[in-house]
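2 protein chains.
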Amino acid sequence: MDHERIVVLAHEKFPDSAKTALGVMRYGDQAVRAVLDRDRAGERAADHVPDVADAPIIGSFAAALDATDGDVDALYIGIAPIGGGFDESWRDDVRDAITAGCDVVSGLHYFLNDDEEFARLADEHGVELYDVRQPPDDLGVATGSAADVDADVVLTVGTDCSVGKMTASQEIVATARDRGIDAAFVPTGQTGIMIEGWGNPIDRVVADFTAGAVEEMILDRGDDHELLVVEGQGSVVHPAYSAVTCGILHGSMADGFILCHAAGRKVVHGYESFTLPSIPAYVDLYEDLAAPVHEASVVAGAVNTMDVADDAAAEDAVAAFADAAGVPAADPVRHGADRIVDAIVDGILEAGLAE
Amino acid sequence: MDHERIVVLAHEKFPDSAKTALGVMRYGDQAVRAVLDRDRAGERAADHVPDVADAPIIGSFAAALDATDGDVDALYIGIAPIGGGFDESWRDDVRDAITAGCDVVSGLHYFLNDDEEFARLADEHGVELYDVRQPPDDLGVATGSAADVDADVVLTVGTDCSVGKMTASQEIVATARDRGIDAAFVPTGQTGIMIEGWGNPIDRVVADFTAGAVEEMILDRGDDHELLVVEGQGSVVHPAYSAVTCGILHGSMADGFILCHAAGRKVVHGYESFTLPSIPAYVDLYEDLAAPVHEASVVAGAVNTMDVADDAAAEDAVAAFADAAGVPAADPVRHGADRIVDAIVDGILEAGLAE
Numbered sequence: 033m034d035h036e037r038i039v040v041l042a043h044e045k046f047p048d049s050a051k052t053a054l055g056v057m058r059y060g061d062q063a064v065r066a067v068l069d070r071d072r073a074g075e076r077a078a079d080h081v082p083d084v085a086d087a088p089i090i091g092s093f094a095a096a097l098d099a100t101d102g103d104v105d106a107l108y109i110g111i112a113p114i115g116g117g118f119d120e121s122w123r124d125d126v127r128d129a130i131t132a133g134c135d136v137v138s139g140l141h142y143f144l145n146d147d148e149e150f151a152r153l154a155d156e157h158g159v160e161l162y163d164v165r166q167p168p169d170d171l172g173v174a175t176g177s178a179a180d181v182d183a184d185v186v187l188t189v190g191t192d193c194s195v196g197k198m199t200a201s202q203e204i205v206a207t208a209r210d211r212g213i214d215a216a217f218v219p220t221g222q223t224g225i226m227i228e229g230w231g232n233p234i235d236r237v238v239a240d241f242t243a244g245a246v247e248e249m250i251l252d253r254g255d256d257h258e259l260l261v262v263e264g265q266g267s268v269v270h271p272a273y274s275a276v277t278c279g280i281l282h283g284s285m286a287d288g289f290i291l292c293h294a295a296g297r298k299v300v301h302g303y304e305s306f307t308l309p310s311i312p313a314y315v316d317l318y319e320d321l322a323a324p325v326h327e328a329s330v331v332a333g334a335v336n337t338m339d340v341a342d343d344a345a346a347e348d349a350v351a352a353f354a355d356a357a358g359v360p361a362a363d364p365v366r367h368g369a370d371r372i373v374d375a376i377v378d379g380i381l382e383a384g385l386a387e
Numbered sequence: 033m034d035h036e037r038i039v040v041l042a043h044e045k046f047p048d049s050a051k052t053a054l055g056v057m058r059y060g061d062q063a064v065r066a067v068l069d070r071d072r073a074g075e076r077a078a079d080h081v082p083d084v085a086d087a088p089i090i091g092s093f094a095a096a097l098d099a100t101d102g103d104v105d106a107l108y109i110g111i112a113p114i115g116g117g118f119d120e121s122w123r124d125d126v127r128d129a130i131t132a133g134c135d136v137v138s139g140l141h142y143f144l145n146d147d148e149e150f151a152r153l154a155d156e157h158g159v160e161l162y163d164v165r166q167p168p169d170d171l172g173v174a175t176g177s178a179a180d181v182d183a184d185v186v187l188t189v190g191t192d193c194s195v196g197k198m199t200a201s202q203e204i205v206a207t208a209r210d211r212g213i214d215a216a217f218v219p220t221g222q223t224g225i226m227i228e229g230w231g232n233p234i235d236r237v238v239a240d241f242t243a244g245a246v247e248e249m250i251l252d253r254g255d256d257h258e259l260l261v262v263e264g265q266g267s268v269v270h271p272a273y274s275a276v277t278c279g280i281l282h283g284s285m286a287d288g289f290i291l292c293h294a295a296g297r298k299v300v301h302g303y304e305s306f307t308l309p310s311i312p313a314y315v316d317l318y319e320d321l322a323a324p325v326h327e328a329s330v331v332a333g334a335v336n337t338m339d340v341a342d343d344a345a346a347e348d349a350v351a352a353f354a355d356a357a358g359v360p361a362a363d364p365v366r367h368g369a370d371r372i373v374d375a376i377v378d379g380i381l382e383a384g385l386a387e
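Top to bottom, those sequences are chains A and B. Numbering follows the working numbering, in which position 51 of the first sequence is assigned residue number 83; successive positions increment by one, without gaps. Numbering follows the working numbering, in which position 275 of the second sequence is assigned residue number 307; successive positions increment by one, without gaps.
Looking at chain A on its own, in the form it has when it is part of the complex (with noise of 0.2 Å):
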């Protein structure tokens, strides 16, 4: 999976709702073309988001190719609706875009190459459709090998779901990257596939492949790098999530994790009765799950502020969790991923040296 001019389509959901369109617009080297909101077209991303390329907003794909000149490669679906349906309402944009030749790519739970009039069309205007959300058919159980590997690796782990573990994984590799360092982002979830062009999809598995699915992807690319950046997932004390979580931690066998957060965040998001636990318990969680398949510590910390008032206020958050964790953190979108990778360079990449 490999397009280098892309629309992103976010229907009556950009930018807030809009988190896959985010990530492929922020961390994609995909250059965005167009971004597809009906609700917005004639707008410009930039009016909404900052820190990403600007692109204009258009309401179709058809209007979008007339507007780039026909310069598109793949339509990504860059949202998702509770369930992961697909929405009639986009039925339009995949085909025009698969008329005019373009892929089309997508994260939903409804595959787009299991829909007759899509999968019929691919197959006319020799377009791929790729559903990233389908894992590959060849995943197997664990075989404990992963820490064979020449890399290091870390793992974000975190206190909940949709606390920042993908953004915090590619800010740590793009800051690692500026070091010099060659890192890699180890993509376990839809975004990070689509921003990466491959990955698994380690939610959608078989429950018994889940390290596996880890696994392979680390002894996959592990040989070519200094350092992997895994995609962590959920939590290991989430109410319907932890196997995924865990899995992951044992399947990456890494060597140390990048515990995040989302400041002022008290109990589990969508299961509201569940209070999270300190971070001191947090750190002592991975730390004794991991250590029985592989030693790892907790070497630093990224503290999402995004809901945090203003940067004093984020300073104080931070702080406060580096001293609970006993570790240094950032809030590696506001501050920059620089204490956090200084973490992974003297607790990891240089301890690994010296043994």
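Any given hint could be a false lead.
Remember, identical chains collapse to one label, so a pair may be satisfied in a single copy or spanning two.
Straight-line C-alpha distance at most 25 Å; calculated SDA-like pairs for lysine to any residue [what the hints assert, rightly or not]:
(1) K45 with D255
(2) K298 with D320
(3) K51 with A341
(4) K298 with V173
Just so you know, these hints were derived from the structure itself, not from any lab. Just so you know, these numbers come straight off a predicted model, no measurement behind them.
Got chain A; can you put chain B on it based on the hints?
Then chain B, alone, in the frame of chain A:
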């Protein structure tokens, strides 16, 4: 799935490598009319296994049908080759069962329903093919509500795979019922599902639905019984299968755990480079991991002493385990499950009433 008179296929594997066959023979309500093992045709099950109802061992389904005057309603596949494939040398037996009007029940990864010949024959003869390792397609994410049911919930957790969690769970249910406690077994794996005739094969569900698939069973049965005993899987520090274990742990929201261990086991079965943590470390790991979702304690231990030489050594192994875990323990097969059920009554059922 409700069969009264069955034939169990165990070619070339009975009894030592026929775990599923033995489980069904030992704990199922079905009357086993014959065991198929072409290597032992003419012998009897009781020649090899003292504690199951006796049955003749016969070389083929056709011969078994003759020997029982056709009084059979299903063929159960009681063995699984490595990889879970279908052994073509069984095809005649399955074909003969279907054409004789018998259902076929299989826990293989290879689904009988996907086999063109079997599917066609089953359709022609009006029989069902039960692939118990095929999860239902209406599963979803957990809602965090398993603790709301009337029943108290006990989960068997383990220090490793293949330590006897299914067996311990069955023995606990049987002993509890002997005392007048309305107990039910909640099946999470193929043998348990074959014995009970219902259940979700948790290792085969989509990772995101691991906890949800357990919760669904507890919500379905939890108001009809006093005690649910959930069959655990794997271990929470298993290099490959911990995701399954963790999902069952949080999805069940158990009120207490029975920690299951194979006496003498020092390393992970099949992953011998991984050393098992200490028994107290397991107690802490399971309790600490459970607490943020639902508080629970290890209330007893089930020690599998199958490989221990004699009764005295077995009693020593159980005593050492009880001492390390700080709870009563027994080998539920060698000693019966009374000590374990005592601990469940004291620590969970009566503690619940006292609240």
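Status of each hint after checking the structure:
1. Taking the shortest Cα distances, K45 and D255 never come within 25 Å of each other, neither inside one copy (40 Å) nor across copies (42 Å).
2. For a Cα distance limit of 25 Å, the shortest separation of K298 from D320 qualifies both inside one copy, at 23 Å, and across copies, at 19 Å.
3. For the homomeric pair K51 and A341, the shortest alpha-carbon distance inside one copy (21 Å) is at most 25 Å, but the shortest distance between copies (60 Å) is not.
4. For the identical chains of this complex, K298 and V173 are inter-copy neighbours only, at 22 Å across copies versus 35 Å inside a copy, given an alpha-carbon limit of 25 Å.
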